[in-house]
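Asks: Chains as they are written, first to last, in our numbering: chain H, 1 to 71; chain E, 1001 to 1217; chain W, 2001 to 2241.
Errors might be hidden in some of the hints.
Stated by the list, open to error - Only part of the chain W face toward chain H is listed, based on derived beta-carbon distances under 7 Å:
id, residue
1, Val2037
2, Pro2039
3, Ser2042
4, Gly2045
5, Glu2046
6, Val2047
7, Val2050
8, Phe2100
9, Trp2108
10, Leu2223
11, Gly2225
12, Gln2229
Simulated from the structure, these hints should not be mistaken for laboratory data. Every residue gets a Cβ at the ideal spot worked out from N, C-alpha and C, and that includes glycine.
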Amino acid sequence: MEGQLEYLFAGFAVFWAGLLVYLVWLQARLRALQAEVRRLEERLAEEVPVAEATAATRSASAARVAPEGGA
Amino acid sequence: MTATWAILEKDLRLLWRQRTGWVSAGAFAAMTVITFSFAFDLATADVRPLLPGVLWVTFLFAGVIASSHSFSEEQEQGTFDALLLAPAPRSALYAGKALANLVGLLAIEAFVLVLGSVLFNVPLLVPRLLLVTVVGTVGYVGLATLLSTLGAVRSRAVLLPVLTLPLLVPLLIAAVRATGEALSGAPDGAPWLLLLAVFSFWSAVGAALLFPLVVEQ
Amino acid sequence: MSWLVGQASRIYAFRWVTLPPLVGVGMFALIAASLVVAPRESVEGEVQRVFYIHFPSALTAYGALFVVFVSSIALLWTKDMRWDAIARAAAGVGVLFTAFTLGTGAIWGRPTWGVYWTWDARLTSTLILLLLYGGYLLARNLADPTDEQAARYGAVFAIFAFADIPVINMSVRWWRTLHPQPMVVGSDGPAMPLEMVAVMMIGLVGVGLLATWLIVLRSETELLGVRTQALRARLDRRMGV
């Protein structure tokens, strides 16, 4: 009966440790993705003048990209 | 209807043309049975309790290898896109391929059963066992053909069995038990052949219904 | 119908205000109730308190897998890729809670049955569940998240997998109980005292809220991943690749 507390502790530990690891992993992924979205959006904003210049001379495919800007 | 028949004919012809692949799968099946007989030392003991497991594991592995490339050649050559545009029901595309896989896998299984009869000195070509094999293979091929539409992802060859085998757990249990019944002649206590038939029927019907949704462009 | 959707989206807008505190309260209540309030089980002793995490985890896992099933159908129906993000998120959470169920169960099993694992019907079918949805996650993660064909393949697999669950449970039960074997997990045994039922309910609500929060969090992460892919593709096109 004495050893039972250890198993109780282990059972709870599996749950809480697993949850903690999952949350830390999810948080890290969320942060990385947010950072990447910000970086990509900045780069897109920088590229716009160049793209606009080429779009004028190029086919409709480049022009079709432009209205998506707000998404 | 003529379009459906044309597709069935095309798949059977392809089955014949790609016979080297099926022969390789058959060789793999033979090698599996022989490996099992080394691993379990089957020649000495009473093999009957082990045989159902040996047979079905062999069938499943050979089948997953043989059917995994059902559509890949046609997809690579662009035939598949053309077929999707053809005025034939999409389910016919599935049915043709499933039928070809069924014929090919049944041929391999017949070969394994003959080989097993010789190697283990147990008559395996008995009507009841053949019935179990055919019914189980219908369900197995039904699901495996649907799942073989998995596109060109990384480690596809390993991923397919990982996806297919857990879905087939009921089929494997039922088939092994029904095969055991057929071999020993003693009833096992549960309607395994019925479970096998119901599972096979629903897998085949469900796969035929869902196939058009998977291949839609 | 549109009124319902409107109400649902209004509730959803408050997810970051309401969910985290609710989950916090739920988790605190779960710990307090299971460790302090619940009476000591007379036969199994203190270790029985693992049940208040084990059982809600199992039910929550099934709930999450049901969400996968529903959103897979919705994906095939509406062709809206956001359903795929929800399906992937719910599958991840479902696998996590199935793993919790197996982990806490094994630890509980050791002192009560003497073994961590036995090929009992219920244990076996839970393990197959883990393999089934682990495979689903693997397949979805190996494919591009914006690949609609891969998403439909995943959805069809998930529908088959969910429909397969009762058949797996039935076949495994027939398979095991026909063997002469001591029953380790009997029927639920004698009726539980009322306090235990109350604590169990707290556990169900708490863990259910936790899973909801995790699914929401994970869905938004998956959607962000899809958005990153779309941005990357646009940047590539701009660069004139």
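Asks: Against this structure, judge whether each hint is valid.
Replies: Right, here's what the structure says about each hint:
no.	hint	in the structure
1	Val2037	violated, 15 Å
2	Pro2039	violated, 14 Å
3	Ser2042	violated, 12 Å
4	Gly2045	holds, 5 Å
5	Glu2046	holds, 5 Å
6	Val2047	holds, 4 Å
7	Val2050	holds, 4 Å
8	Phe2100	holds, 5 Å
9	Trp2108	holds, 6 Å
10	Leu2223	violated, 10 Å
11	Gly2225	holds, 6 Å
12	Gln2229	violated, 10 Å
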